[in-house]
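Q: Keeping the supplied structure of chain A fixed, place chain B upon it in accordance with the hints.
Letter by letter, the chains look like this.
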Amino acid sequence: MLKINNLYFSYNNQRNLLININLTVNHGDYISIIGSNGSGKSTLIRLILGLLTPDSGTIENTYPTTAYVPQRFNQLNTHFPITVNEVLNCYKKVQKKSLTVKIPDVLKLLHLNGKENTLIGQLSGGQCQKLFIARALLGNPKLLILDEPSNGIDRQSQIEIYGFLRTLNRQDKTTIICVEHNLQAAVKNSTALYHIEKGHGHICLPQQYIKEHLKNDIGENY
Amino acid sequence: MLTYSFMQNAFLISIFIAVLCPVIGIFLVLRRYSMIGDTLSHASLAGIALGMLFQENPVLSAFLAVSVFSVIIEWLRKHFRTYAELILVIILSLSIGIAITLLSSGLVHANIDSLMFGSILTVTRADFYWVLFFSAISLFLVYRFYSALVFIVFDEEGATIAGLDVKLINYLFAILVAATISISIRIVGILVISALIALPIAAALQLEMSFKKTLCYGILFSYIDIFSGIIISYWVNAAPGGIIALNSVLLLLCVLFYKYKIKAKLLQ
Numbered sequence: 001m002l003k004i005n006n007l008y009f010s011y012n013n014q015r016n017l018l019i020n021i022n023l024t025v026n027h028g029d030y031i032s033i034i035g036s037n038g039s040g041k042s043t044l045i046r047l048i049l050g051l052l053t054p055d056s057g058t059i060e061n062t063y064p065t066t067a068y069v070p071q072r073f074n075q076l077n078t079h080f081p082i083t084v085n086e087v088l089n090c091y092k093k094v095q096k097k098s099l100t101v102k103i104p105d106v107l108k109l110l111h112l113n114g115k116e117n118t119l120i121g122q123l124s125g126g127q128c129q130k131l132f133i134a135r136a137l138l139g140n141p142k143l144l145i146l147d148e149p150s151n152g153i154d155r156q157s158q159i160e161i162y163g164f165l166r167t168l169n170r171q172d173k174t175t176i177i178c179v180e181h182n183l184q185a186a187v188k189n190s191t192a193l194y195h196i197e198k199g200h201g202h203i204c205l206p207q208q209y210i211k212e213h214l215k216n217d218i219g220e221n222y
Numbered sequence: 001m002l003t004y005s006f007m008q009n010a011f012l013i014s015i016f017i018a019v020l021c022p023v024i025g026i027f028l029v030l031r032r033y034s035m036i037g038d039t040l041s042h043a044s045l046a047g048i049a050l051g052m053l054f055q056e057n058p059v060l061s062a063f064l065a066v067s068v069f070s071v072i073i074e075w076l077r078k079h080f081r082t083y084a085e086l087i088l089v090i091i092l093s094l095s096i097g098i099a100i101t102l103l104s105s106g107l108v109h110a111n112i113d114s115l116m117f118g119s120i121l122t123v124t125r126a127d128f129y130w131v132l133f134f135s136a137i138s139l140f141l142v143y144r145f146y147s148a149l150v151f152i153v154f155d156e157e158g159a160t161i162a163g164l165d166v167k168l169i170n171y172l173f174a175i176l177v178a179a180t181i182s183i184s185i186r187i188v189g190i191l192v193i194s195a196l197i198a199l200p201i202a203a204a205l206q207l208e209m210s211f212k213k214t215l216c217y218g219i220l221f222s223y224i225d226i227f228s229g230i231i232i233s234y235w236v237n238a239a240p241g242g243i244i245a246l247n248s249v250l251l252l253l254c255v256l257f258y259k260y261k262i263k264a265k266l267l268q
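Which chain is which? The protein sequence lines are A and B, in order. According to the numbering used here, the first sequence holds residues 1 to 222 in order. According to the numbering used here, the second sequence holds residues 1 to 268 in order.
Keep in mind that the hints are not guaranteed to be accurate.
Dumping the calculated DSBU-like pairs for lysine-lysine here, alpha-carbon to alpha-carbon at most 30 Å [what the hints assert, rightly or not]: (1) 92/A x 3/A; (2) 97/A x 263/B; (3) 96/A x 78/B; (4) 115/A x 142/A; (5) 213/B x 93/A; (6) 102/A x 213/B.
Now the in silico label distances, taken between C-beta atoms and shown as ranges [unchecked claim]: (7) 144/B x 140/A: 24 to 32 Å; (8) 260/B x 203/A: 54 to 62 Å; (9) 238/B x 79/A: 34 to 42 Å.
Treat the hints as calculated values from the structure; they're not laboratory data. As the structure is a computational prediction, the values presented were derived from the model and not from experiment. We put the CB at the ideal spot given by N, CA and C, even for glycine.
With the rest of the complex left out, here is chain A (with noise of 0.2 Å):
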């Protein structure tokens, strides 16, 4: 379980980006994280995984493995001179404690098998991503936080990609914790969305924010 309390974060003592924040993750749960740009999203889930230091309150993660997959265009030197198989490598070598998943296991189960020896600047956007789920799988993660999974990357990835989560939260019950900017992918996938805006977040289930935000928006391709 993951629990915020009384949670409050200013960067270098200005003004608070985020106010007594309070929110409870349970086991099998798939939170999207909403708000517009700079509501501090992604500041949050830094917090979670001990990036960022609260200024008050209390964060309580009891999962084993927690696995993060950043925001790929953010992140990625394109040029880097790095296979798929060098990226999975490194992260399996680095482990404190040997892991069981096994290389090829997670490239086949993301439909990168055959892409081994591909270097990262000739993958697509969605190949990239779903690299970097592979690499989090690797530590079989009880809870998974991603951020802005589906940003830049072609609309069938993004299916194949949301399909993927869903059932590793429906069938192998991992916990999910996604900053969306997707709102439609966000609606489909969650259990339930934190909504936060002007630095205060509040919990509401996808079709009480249908009702009260997107009414007629949603697709169905998601």
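A: Relative to the frame of chain A, chain B by itself:
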């Protein structure tokens, strides 16, 4: 040529420098920190001047000074995230200030030319043993932390989340950079050390291969640059540093020509 003991020393030292420079260089280049080699080689001048003042071996004193400066650079990286190149200017000013003050005040007497441009004649057997010592430790540490270093350079945030002590490994790497520079300056010289760190890797990157293959080609290019540089400098009686730098640029141009003219034509 090989009957002279100074040439033997130069070749023996070069065997290690040619491996170490690209091994460290690939991580620096991919971090977009190529110019750190230039800054730290100038910082080594301060170390050498201090070593002469206290009558210590210049390789050792350079290593100690460059280690301190590279740890300061790593520490300052947190405070100058947006203007990273400013850190190099700060360290350059401090170290050059110390070196010029000591050398111009008459407290120490050194052959500045051989330090600036590199020299085969001044390399001693003691230097060789120091080089051997630092190279063995540095190469072992890179081998031991290879996956962690690649992971950090590729995705520093991901490495932190994966549980790596990124800060510790970054400081350790800073000391490895110091060791590489302090053992290379005798042959290559202060002014052109960054060429040996960056250019073989710059040439290897053009071949667009995996990390391991890029590193292997970087080492191969580095061997070609250094050994041909030493041999030519012996025959034309010029400082090896300059010839090695010219060779590095020439090799890079050859690789670019191969990539854009020959390889492109073959693929058509």
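Q: Residue 92/A and residue 3/A: Cα distance at most 30 Å?
A: Satisfied, since the Cα-Cα distance of roughly 29 Å is no more than 30 Å.
Q: For residue 144/B and residue 140/A, compare the CB-CB distance with the range 24 to 32 Å and indicate the outcome.
A: holds, 26 Å
Q: If you draw a straight line from the CA of residue 102/A to the CA of residue 213/B, is it 30 Å or shorter?
A: holds, 24 Å
Q: Please verify whether residue 97/A and residue 263/B have alpha carbons no more than 30 Å apart.
A: Distance ~44 Å between residue 97/A and residue 263/B Cα, so the pair is violated.
Q: Taking only the CA atoms, is the gap from residue 96/A to residue 78/B under or equal to 30 Å?
A: Judged against 30 Å, a Cα distance of about 27 Å means the pair holds.
Q: Starting from the range 34 to 42 Å, see whether the pair residue 238/B and residue 79/A falls in it by beta-carbon distance.
A: Distance hint for residue 238/B, residue 79/A holds at roughly 36 Å.
Q: Under the criterion that the straight-line Cα-Cα distance not exceed 30 Å, is the pair residue 213/B, residue 93/A satisfied?
A: holds, 19 Å
Q: Could you grab the alpha-carbon distance between residue 115/A and residue 142/A and see if it respects the 30 Å cut-off?
A: OK: residue 115/A and residue 142/A at ~26 Å, within 30 Å.
Q: With 54 to 62 Å as the target window, see if residue 260/B and residue 203/A comply at their CB atoms.
A: holds, 56 Å
The structure fails hint 2 only (numbered hints given earlier).
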